[in-house]
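Here the protein sequences come in this chain order: L and H.
Each step along the first sequence adds one to the number in the working numbering, with nothing skipped, and position 157 is 157.
Each step along the second sequence adds one to the number in the working numbering, with nothing skipped, and position 199 is 199.
Honestly, the hints are just simulated from the structure, not real lab data.
Every residue, glycine too, gets a C-beta built ideally from N, C-alpha and C.
Certain hints may be false.
Said to hold, decoys possible - Each pair of labels, with its calculated beta carbon distance range:
# : chain 1 : residue 1 : chain 2 : residue 2 : range
1 : H       : T187      : L       : Q157      : 19 to 27 Å
2 : H       : D101      : L       : E142      : 29 to 37 Å
3 : L       : Q157      : H       : S276      : 50 to 58 Å
4 : H       : E142      : L       : T187      : 32 to 40 Å
5 : H       : G92       : L       : P54       : 56 to 64 Å
These are the residues of each chain, in order.
Number of protein chains: 2
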Amino acid sequence: MAGPNSERRAAYRNCFSAEPILRKADSDFAAGRILPRFKRLALRKYPQGNMVPPHRHLDYEAVLLCSGAYRFRINGTEMELTPGEGILVNIGDQHEDWRGDGAKFIGFSFTLEAFPATNGIPALLAPGVSPQEQRFRIDLKEAEGLARKIYEEEQRQTAFSRLIQEAISLELFWRIIQGLPRESLSTGFLDNTADGSFRARLSRLFQDHIEEVLTLDDIAKQLGISRTSLTNKCNELFHMSPGKAFCRCKMERAGYLLVNTRLTVKEIAGRLGYASEFAFSRAFRREFNLSPAEWRRNYIY
Amino acid sequence: MAGPNSERRAAYRNCFSAEPILRKADSDFAAGRILPRFKRLALRKYPQGNMVPPHRHLDYEAVLLCSGAYRFRINGTEMELTPGEGILVNIGDQHEDWRGDGAKFIGFSFTLEAFPATNGIPALLAPGVSPQEQRFRIDLKEAEGLARKIYEEEQRQTAFSRLIQEAISLELFWRIIQGLPRESLSTGFLDNTADGSFRARLSRLFQDHIEEVLTLDDIAKQLGISRTSLTNKCNELFHMSPGKAFCRCKMERAGYLLVNTRLTVKEIAGRLGYASEFAFSRAFRREFNLSPAEWRRNYIY
Numbered sequence: 001m002a003g004p005n006s007e008r009r010a011a012y013r014n015c016f017s018a019e020p021i022l023r024k025a026d027s028d029f030a031a032g033r034i035l036p037r038f039k040r041l042a043l044r045k046y047p048q049g050n051m052v053p054p055h056r057h058l059d060y061e062a063v064l065l066c067s068g069a070y071r072f073r074i075n076g077t078e079m080e081l082t083p084g085e086g087i088l089v090n091i092g093d094q095h096e097d098w099r100g101d102g103a104k105f106i107g108f109s110f111t112l113e114a115f116p117a118t119n120g121i122p123a124l125l126a127p128g129v130s131p132q133e134q135r136f137r138i139d140l141k142e143a144e145g146l147a148r149k150i151y152e153e154e155q156r157q158t159a160f161s162r163l164i165q166e167a168i169s170l171e172l173f174w175r176i177i178q179g180l181p182r183e184s185l186s187t188g189f190l191d192n193t194a195d196g197s198f199r200a201r202l203s204r205l206f207q208d209h210i211e212e213v214l215t216l217d218d219i220a221k222q223l224g225i226s227r228t229s230l231t232n233k234c235n236e237l238f239h240m241s242p243g244k245a246f247c248r249c250k251m252e253r254a255g256y257l258l259v260n261t262r263l264t265v266k267e268i269a270g271r272l273g274y275a276s277e278f279a280f281s282r283a284f285r286r287e288f289n290l291s292p293a294e295w296r297r298n299y300i301y
Numbered sequence: 001m002a003g004p005n006s007e008r009r010a011a012y013r014n015c016f017s018a019e020p021i022l023r024k025a026d027s028d029f030a031a032g033r034i035l036p037r038f039k040r041l042a043l044r045k046y047p048q049g050n051m052v053p054p055h056r057h058l059d060y061e062a063v064l065l066c067s068g069a070y071r072f073r074i075n076g077t078e079m080e081l082t083p084g085e086g087i088l089v090n091i092g093d094q095h096e097d098w099r100g101d102g103a104k105f106i107g108f109s110f111t112l113e114a115f116p117a118t119n120g121i122p123a124l125l126a127p128g129v130s131p132q133e134q135r136f137r138i139d140l141k142e143a144e145g146l147a148r149k150i151y152e153e154e155q156r157q158t159a160f161s162r163l164i165q166e167a168i169s170l171e172l173f174w175r176i177i178q179g180l181p182r183e184s185l186s187t188g189f190l191d192n193t194a195d196g197s198f199r200a201r202l203s204r205l206f207q208d209h210i211e212e213v214l215t216l217d218d219i220a221k222q223l224g225i226s227r228t229s230l231t232n233k234c235n236e237l238f239h240m241s242p243g244k245a246f247c248r249c250k251m252e253r254a255g256y257l258l259v260n261t262r263l264t265v266k267e268i269a270g271r272l273g274y275a276s277e278f279a280f281s282r283a284f285r286r287e288f289n290l291s292p293a294e295w296r297r298n299y300i301y
């Protein structure tokens, strides 16, 4: 009988192919470097249940209820979770909890860090978000699987166990973010991280027009924002002007075409909207410190 | 019948407790911020097998053989992998591969980034490492489980799928590092990442002597290195002097004691080797912008 597990296995068998899942341009450009710095991670069980008097949070805290009962108050609003639900406590929130007998939780506290740290770190949650909007939902089996792996790695204690635990926690973190209502996240956070965000839309726009010459006006118009706001956001996110970012995109595509096709340098220049092979080669060398021909000779995937 | 799976489940049931797994001081200090930037990730299958002519790598590449035959040459040395083994191709390596019919691989290429990027990025591999030492071994079932999750997330395509994929790749990355011979890794990389490294030993030393006053000489002697080398390493890793790093450790412990015990501020000062409550409070405020009393009032875990 073909159950969901055998379907899953079949899907996985099919996932091996000659095509890569992630390509250079995707992951280079889309990957945000907003990262949580974990302060504490706990798998907690309260055989007797208990309550925690009102306290204020100086870090973010994610609390996921695995089983049992959990009631709490955030900034005066009383709520209750069912297993598989969690709450993301905001920095500064006033929090007060009641845990039922035998309640089990996965919880961690964290701050955000941005790399490179330039214009500060965006808040995770939108301003004025209500406690109800801080509720998230997650696949409990998946989350508990991650918690189990963190625990197993704790027993193993190899030289890299701590970093493996961090990576697993990072997956849990993004799954929690994924489980929050999108409206609950701040614009700054979304702009840096989410697909469909400014970062992702700009990246898609560049890919779609990679054979063309785009002016600042063209880009701003396509994204439906002003030139100033385009330039500001671009500087904030990529530390370069929109034009420079577009050029980098073209050069990454050029690097790919040089290695994976037999197109001549002149043809590649044409495909990337360069009128002259010379201008293209100059831009390429500025980006990679190699001429297109040197790149093709050296850099074969 | 109690198989390994039921044992595993039992171990997991026991892992929920009132005690956190990771505590603040641990994860704050031990977590390296050397991160891979993934360029390409692929689950590749070659029904017909093939060969790739000699090429030079400009990124690191990890190739893990899941099934089938894989022979290759790195810098002239010919090798062969069995399933569950992988090879970490170094930047600059000359590489040439033969893949057998139906061979399946998990492969990704990456560069390293350091945050904050200060004194450059250490090489991953030790200088002069031989191709044999670039071989790693990994739990194939675990690695394939991670690959499957990356693939599943690719189908899902939510706003955070890309970042979830990155986190899973990061776990795979650290498991591969864990599977390499330790001697194959460069000192700079180990110093920044591994437990038992300079970073970890310094952190342990601080924890063990947190009630004392340690001079630069004391610390250098305990670690068996010179004062200059201690200061240099500390600046390199933490961007502060050894004394400042020790002070930060004490203040983190102070923050913990204030919230989790009923010790007076004077008692906590004493426990951290401060002769005067005043000097302690001043150091505390310098670290957290709050007085110990304010911290205690506001910051309850």
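Checked hints:
1. Hint check: T187/H to Q157/L, Cβ distance near 22 Å, so the stated range 19 to 27 Å holds.
2. Judged by the Cβ atoms, the range 29 to 37 Å given for D101/H and E142/L holds: they are separated by roughly 35 Å.
3. Separated by about 39 Å at the C-beta atoms, Q157/L and S276/H break the suggested range of 50 to 58 Å.
4. Under the hint 32 to 40 Å, the C-beta atoms of E142/H and T187/L, about 38 Å apart, fit the expected range.
5. With their beta carbons about 59 Å apart, G92/H and P54/L fall inside the hinted range of 56 to 64 Å.
Checked against the numbered hints listed earlier, the structure breaks hint 3 alone; every other hint is satisfied.
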